[in-house]
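There are 6 protein chains.
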Amino acid sequence: MKEAYIADLKPGTSVTTTFLVRTKERKTARNGSAYLDLEFQDNTGTIKGKLWDCDSAQLNFEADDVVRVTAGVEVYQGNPQLSLRKIAKCREADVDLADFLPHSTQNPDELFKGLLKRIQQMSQGPLQSLLLHIFDDPVVARKYRQAPAAMSYHHAFIGGLIEHVSSLVGLGDRVCDHYPFLDRELILAGLLLHDLGKIEELNFTRGFSYSTRGLLVGHISMGVEMVRDKMREVPDFPPELWNRLQHIILAHHGRLEFGSPKEPMFMEALVVSYLDDIDSKLEAMLEQYAADKDRPGDFTARSRPLGRELLKPPSEPAPAPAAAPAKPGTLKF
Amino acid sequence: MKEAYIADLKPGTSVTTTFLVRTKERKTARNGSAYLDLEFQDNTGTIKGKLWDCDSAQLNFEADDVVRVTAGVEVYQGNPQLSLRKIAKCREADVDLADFLPHSTQNPDELFKGLLKRIQQMSQGPLQSLLLHIFDDPVVARKYRQAPAAMSYHHAFIGGLIEHVSSLVGLGDRVCDHYPFLDRELILAGLLLHDLGKIEELNFTRGFSYSTRGLLVGHISMGVEMVRDKMREVPDFPPELWNRLQHIILAHHGRLEFGSPKEPMFMEALVVSYLDDIDSKLEAMLEQYAADKDRPGDFTARSRPLGRELLKPPSEPAPAPAAAPAKPGTLKF
Amino acid sequence: MKEAYIADLKPGTSVTTTFLVRTKERKTARNGSAYLDLEFQDNTGTIKGKLWDCDSAQLNFEADDVVRVTAGVEVYQGNPQLSLRKIAKCREADVDLADFLPHSTQNPDELFKGLLKRIQQMSQGPLQSLLLHIFDDPVVARKYRQAPAAMSYHHAFIGGLIEHVSSLVGLGDRVCDHYPFLDRELILAGLLLHDLGKIEELNFTRGFSYSTRGLLVGHISMGVEMVRDKMREVPDFPPELWNRLQHIILAHHGRLEFGSPKEPMFMEALVVSYLDDIDSKLEAMLEQYAADKDRPGDFTARSRPLGRELLKPPSEPAPAPAAAPAKPGTLKF
Amino acid sequence: MKEAYIADLKPGTSVTTTFLVRTKERKTARNGSAYLDLEFQDNTGTIKGKLWDCDSAQLNFEADDVVRVTAGVEVYQGNPQLSLRKIAKCREADVDLADFLPHSTQNPDELFKGLLKRIQQMSQGPLQSLLLHIFDDPVVARKYRQAPAAMSYHHAFIGGLIEHVSSLVGLGDRVCDHYPFLDRELILAGLLLHDLGKIEELNFTRGFSYSTRGLLVGHISMGVEMVRDKMREVPDFPPELWNRLQHIILAHHGRLEFGSPKEPMFMEALVVSYLDDIDSKLEAMLEQYAADKDRPGDFTARSRPLGRELLKPPSEPAPAPAAAPAKPGTLKF
Amino acid sequence: MKEAYIADLKPGTSVTTTFLVRTKERKTARNGSAYLDLEFQDNTGTIKGKLWDCDSAQLNFEADDVVRVTAGVEVYQGNPQLSLRKIAKCREADVDLADFLPHSTQNPDELFKGLLKRIQQMSQGPLQSLLLHIFDDPVVARKYRQAPAAMSYHHAFIGGLIEHVSSLVGLGDRVCDHYPFLDRELILAGLLLHDLGKIEELNFTRGFSYSTRGLLVGHISMGVEMVRDKMREVPDFPPELWNRLQHIILAHHGRLEFGSPKEPMFMEALVVSYLDDIDSKLEAMLEQYAADKDRPGDFTARSRPLGRELLKPPSEPAPAPAAAPAKPGTLKF
Amino acid sequence: MKEAYIADLKPGTSVTTTFLVRTKERKTARNGSAYLDLEFQDNTGTIKGKLWDCDSAQLNFEADDVVRVTAGVEVYQGNPQLSLRKIAKCREADVDLADFLPHSTQNPDELFKGLLKRIQQMSQGPLQSLLLHIFDDPVVARKYRQAPAAMSYHHAFIGGLIEHVSSLVGLGDRVCDHYPFLDRELILAGLLLHDLGKIEELNFTRGFSYSTRGLLVGHISMGVEMVRDKMREVPDFPPELWNRLQHIILAHHGRLEFGSPKEPMFMEALVVSYLDDIDSKLEAMLEQYAADKDRPGDFTARSRPLGRELLKPPSEPAPAPAAAPAKPGTLKF
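Chains as they are written, first to last, in the working numbering: chain A, 7 to 339; chain B, 7 to 339; chain C, 7 to 339; chain D, 7 to 339; chain E, 7 to 339; chain F, 7 to 339.
No wet-lab data here; the hints were simulated from the structure. There may be inaccurate statements among the hints.
Note: identical chains are not told apart, hence a pair may lie in one copy or across any two.
Distance condition first, Cα-Cα at most 30 Å in a straight line; then the derived BS3-like pairs of lysine-lysine [to be verified]: (1) Lys8 - Lys123; (2) Lys95 - Lys30; (3) Lys149 - Lys33; (4) Lys119 - Lys16; (5) Lys30 - Lys123; (6) Lys318 - Lys92; (7) Lys33 - Lys56; (8) Lys123 - Lys16; (9) Lys33 - Lys287; (10) Lys149 - Lys95; (11) Lys8 - Lys299; (12) Lys95 - Lys119; (13) Lys95 - Lys299; (14) Lys149 - Lys318; (15) Lys299 - Lys119; (16) Lys92 - Lys287; (17) Lys119 - Lys318; (18) Lys318 - Lys30; (19) Lys33 - Lys299; (20) Lys95 - Lys33; (21) Lys318 - Lys56; (22) Lys33 - Lys318; (23) Lys33 - Lys123; (24) Lys30 - Lys16.
Computed from a prediction, not measured in an experiment: that's the story for all the values here.
Looking at chain A on its own, in the form it has when it is part of the complex:
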């Protein structure tokens, strides 16, 4: 178990604990000796550190490794910084990555069970078969629980994808209750599968980045491929249904200039695209509020996904917006 977290370090103390190495750079000091300029991360934040005279040390770690360090906590230019005395790579077996990456406050396993349950409630037929095929695949089942929903704009944390999709599935059912002419099961399938490609577009085992294939192909086309491969294992999947489902995935960014090669051409495709947008933007707003909760004034800093400052919720104990901190699934980072 991890002994100490970055958010809790006090200047003037010493600490021995584990961190994920974000960056590692060898530099030369004025006196000509070499030192390491490092940045560490755990699920509470980041901190810089220096290892002086590094060439005299036996070093066995690289960026993205988890290391155990002993260090003094100092202050440099007003910010805490570590002066390292010992640093060594941890054994993989001893590492729980959940300690080092920001992650959902909700339990991904529970969310996944919830999605499976919802699929089982569907009417029997090709859509249900397809979804069961996909979510029973052990690789999908594992990655779907871990993947973030985006690199940075919203739900950028372990479990972000499943948290986003779980919210969408609940929202989609309510919207279909309201509009009885919508094909509920097609919308459900669209919501469950629209971002499936994210589990391969992004790397998320040691920090978040795009995979090479992710940058070249993108999660929309990758997701279509993954679903299509499973679809072909479902006997007699109706071609018209496949056309519709594929279109929903292709069109879910809503506009060509957002990377969808087709724009929504029927009601269910339109609804999936809008709900995805609402849920992402609301989460981005909540994350901005959390980041700026100590910032003075009525507005947050400029939200990059929204492109503008946000008015903060009223601080008086109003019944409804007071629930904001209790929102399911904000990140702990």
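Use these hints to put chains B, C, D, E and F onto chain A, whose structure you have.
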């Protein structure tokens, strides 16, 4: 009571009934005599007509009047057309405009009662007071039940505004059930008031058109004025709340280029803007499906509000989309 | 064999020959009798026609059928028009569709042989294997020779796709001769496959239209699927190569707003996108010049793909541009 | 009276004088002791300062306060910086804010008198009554003389709004002399009122910032409200005239994407929008010239409002452009 | 002298007079005989005409010729139309083109004298020399008085260019009176020369069209060339001044997307661009008002240059806008 | 001859050699003494330097001078830096600017000979005469060999223009071999002349910058002027040919928003514009690959001209892309 409707006229027969005059133009025939080129309307469609030798007749009507006609039904260039024998203005008292304008299939009075009931269920406080003030105003109460929601893109029929808002209120409650951190009553107020200015922006007693003030000022600014006048009659309406409510109305088109002078800066403003967009676009799609229900092929003609052809719902008796024709509130026109 | 072509009909004569029916509409004449309003097509143009008193005739044809007609050639509003005396559907077996659709002036079979030969000249390896797999597929081989390259903007005729690709392959080799650092075989594969999806996106057996799947999914995503299915039959196709090839197809429209979900991220993808654009635009210009060759003045009408009027080539017998009419592959339509 | 100004401080000297505190931040030095990192402002510029060992001092000021300091003037990284020995808040009564904020070189009181005089020269009628009502309001009269015309792009100094409007009124009269068909008094009213909302949109008593209501609602809608409230106090203000005047204010940014909910629909609205644009851009250019007057070369740095570098006026003593420094109303900052 | 004008023709009468032939097309009537379908123009409007049995007549005219006709005035589809009995080309010497093209209500010769006088009032120096050189050129002097200012958007009539420039010169002097820091003579030169290229970009001797060189090169680049040729004849024209003047001409459309290859980079270039825009738009509005003066309602039809409907001036005898019909220089067409 | 190059300096050594001074700034150290903060450049890179106590030295150089220095090579913040002991301006006669500016790896004189030879192979006629006139001009001949092709996006090195044009000429011939209907000599002339204005738009004797006239007028209009002046010296140059050639130069940026005042209106103009774009973008990609060759990962940093990250060529010894480093004409910088 109106004896016959345009949709039912048979070529080769005679008819005596009432119509609304859409256009009236005096032209000169080849033989030098004058005739009237006319277009008529009732709530089932439109038809052209000609009154030959019109200068010999005593005529007492203008465009936008309701007239009683006796005419033969002929065919001209493949379309039915009236050859008029008698035409005279009806007395206002004998006219039920509902016979001549397309209108909602839902009962506006019932919808209005529903909105009032929903307002009464709100917690007591300034928002409820404001809404009661507005909806108790007899002019608002009358016009809000009649106004279309738009000139042509969606809900362009008598009762369209209240049908659109009633749908939004139901949808908004469901969305707030899903996102407990939203301020439900602020969203409710925003949905009820976002298009209030439409009741003055549009003329809708004899066909639909923009009012002069509507074209110069627009329903967004007009609605803000109307709400503000009522707000000032509510004692101690909190200024912060007014800022939020005014922002929701100003921002409900979502983007500057769609005529909103501000873009949504907090969660409730964003949600009102998105829900308005979804409900309008779904209605526009339903109207396109209805218009093109006899068009061969899998796609409709290009939908002007969407900017593309729409894939029609599957024709097989699938459980969910089969409900499309049963959708509450499609237009009869 | 077809006895007469539309381009050759003379007013005041009679004709008996075959046409493709483009549209067929039943209308009512002033005297109350029904007539058919028809439009016919062959590979030299289109002509309208009327069959009076149609209800008294035994009719067994629909739009898209090929019919044998006997008719008088008249003039209506300055244009030739057929007054039909006999009209009956032809047997499929008697129809050569090449008589009724505009088609390339080049021989698609020869062009196809040329492409195969070029593939055989490639170095042995996964790209060559993949291309052979695809072009040996009898369905592909047949449709690739027939498909137009676009609905209307350029090469909109039978054989247009293979004419466009054959030009691109020749051009690509020359450009790779010039830039030795380009991966010639990757560019070759990209050019051969970039529009493969067109053979399913478009219907082209009886006039040109989008298929339902074509409108919903588009030739870019469809082509990727088709290539991927074949790729998986090639043993050990390198994943990095697949990433590159897939990216070239996805990115060949060059910009998101033109429907590519990714923009070119390496040199070969950029080159394929540019060459496709050049060849399409030059062909569109040639077609505009052909269409407006009798139009007075120095400029053509506004070219829709270019968005502007075009300066015509100089009419003096200049050596180079004089070749324009001799250009390989203009349409006969 | 203020003893010394930032622009005149000499490294190596000591100073005792007053400044406005722009920012104040407590930091920890390497040796663990706390210090204050400060930035000061007066109407000649800004300077940074440090108060070492700040926890041992009695401090009674915050950002936006005016303080009296005793400090040594040093140089840090090539820039002057204050090393504080004493710092204490001034009494409000002793503070003349004009010493601490950049302000117009013109006398706002004189400019205001000029505007009043111009209003009195108007023909008697509803427009004159409305303007007198507004400019006689003591709150408006005070704020209108102080407000800047914008946050940063042009006239961003105390008195900037009235300087901008005074210039516009003079310009408007000349343009109406030229185009006799323009309604001069409507243009005059539009120019005087188009930016009225700025006096509430911006905070300008201690530095310039947007008010909360300003960011949520914007000066266009706020100005319309303020004018409307006064308009309703003018007996029998003609509704058609109000429509026109309101439209001028709403449309004065000229285009939807610049935040106007309507674009100019008649001549006077068009003229107000253009004149506002010209005067703002010319002022922004003059300010850029002033800021870059010591920059070598023929061009200024990139002007943010214009989006490009500006060619400087010729340096030879040409008669006309030599007047540039003598321009009425440049800022002293 | 022309005996009758199109605007005055009465159905049922005969007429003998002269017209400009706009279009001439030979068609075949139902009975197989040939007829001419013609359109005529004079400076009061246009009218269609038919010459039956045309092959039996000796015809010596083409489109763009002026002809003398004898015809009956009839009505066809509600519009007057000529049934021609005689038609023959006029001798060039007998033709005054002013009778056949719409033209300014102002006297171009007087306007030209005014411009010359203004140039003579300039201070002696290179700018004045350049302007005298240009306006003394007899070809320029002739064409500058005839050219329209645009093909269709504003001032599209004979004398339109000089009317537009004369207005701009007056406006520019007033604006320079207001902003003393502007270089008045540079602005004056810019206004006089910005559209000089129009005299070669447009053909305007027999109707308005683009010249071939005009479409390929455009009036901006053509005007720069024309001015530069004259500039080189002025001894010692300062290169810096030429840079500025050339930039003003290049930048006068204000934005790249409007065809200016550079955007205004100093004050005089900005002012020329804005004044040109104001004067053009106001004239376009006046022309729209004139065209729609009999249209019912408060708004005009959609103005193409403005992209929206325009609110008409109030009809009450208000002092200022009542001047609108008295505006100098509206077209008689 | 230059003794040492920046790319080869080793920390901890001393050096005596020559550099170009990029920037020179006098600053005050904490101890009150003055020092010079300098940046140097040669054709292998840049390095910063400091001259302490500079007021005690005799200094005779400015920015853009070439100086001889004696200095110690130190490390500051991880980067090498010079601590100067001696610095003095070199005599112009001793300076070979090629040592100090990045330049083509190809020989500009050889490239120029190649262009001349290609011109001599053209058919005799006005185009050849014009080209010979231009390239025989000694000023053009000198500057055309030196100019970079752009400020920073591609070919931003001495000899960049001629390298870019030489590549284009070769490419153009190949493309004309492929499309026989193109006017090869017009394309050749267009490629040779499209960027002629660059030799005056840019300063490139001491670092690269825009000339004053370059920023105000731009290389497109400047090039047209230069070509036109020469064209007028060619007897009987056909006006239609001049229209076409001028249009090619004006339109070579392809779109109005890229600064072309006209968009390509015939085939040769379109081809010149596309080929210019391809060659520039490929070169920009090669330069990005060179700059990022040591960057880990599959992608480069974001390429500014392309607006996105680039996938690097595969590192395996593949035959074709391995040629990338051998590409003719990469920069040495």
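Structure-based check of each hint:
1. Lys8 - Lys123: neither (34 Å within a copy, 56 Å between copies)
2. Lys95 - Lys30: within (13 Å within a copy, 42 Å between copies)
3. Lys149 - Lys33: Intra 37 Å, inter 43 Å, cutoff 30 Å: neither.
4. Lys119 - Lys16: neither (40 Å within a copy, 62 Å between copies)
5. Lys30 - Lys123: neither (45 Å within a copy, 53 Å between copies)
6. Lys318 - Lys92: For Lys318 and Lys92, the Cα distance exceeds 30 Å both inside one copy (44 Å) and across copies (38 Å).
7. Lys33 - Lys56: Classified as both: same-chain Cα gap 10 Å, cross-chain 21 Å, threshold 30 Å.
8. Lys123 - Lys16: neither (46 Å within a copy, 57 Å between copies)
9. Lys33 - Lys287: neither (41 Å within a copy, 35 Å between copies)
10. Lys149 - Lys95: within (25 Å within a copy, 59 Å between copies)
11. Lys8 - Lys299: The answer is within: 27 Å in one copy meets 30 Å, while 39 Å across copies does not.
12. Lys95 - Lys119: neither (35 Å within a copy, 61 Å between copies)
13. Lys95 - Lys299: The answer is between: 29 Å across copies meets 30 Å, while 36 Å in one copy does not.
14. Lys149 - Lys318: The answer is between: 28 Å across copies meets 30 Å, while 34 Å in one copy does not.
15. Lys299 - Lys119: Answer is neither: 33 Å inside a copy and 42 Å across each miss the 30 Å cutoff.
16. Lys92 - Lys287: neither (43 Å within a copy, 49 Å between copies)
17. Lys119 - Lys318: neither (34 Å within a copy, 35 Å between copies)
18. Lys318 - Lys30: between (38 Å within a copy, 23 Å between copies)
19. Lys33 - Lys299: between (37 Å within a copy, 20 Å between copies)
20. Lys95 - Lys33: Classified as within: same-chain Cα gap 21 Å, cross-chain 34 Å, threshold 30 Å.
21. Lys318 - Lys56: Neither, since 38 Å and 33 Å both go past 30 Å.
22. Lys33 - Lys318: Between copies only: 27 Å across chains, 43 Å inside a chain, cut-off 30 Å.
23. Lys33 - Lys123: Classified as neither: same-chain Cα gap 54 Å, cross-chain 53 Å, threshold 30 Å.
24. Lys30 - Lys16: Classified as both; 23 Å inside a copy, 23 Å across copies.
Of the numbered hints given earlier, the model fails hints 1, 3, 4, 5, 6, 8, 9, 12, 15, 16, 17, 21, 23; all others are met.
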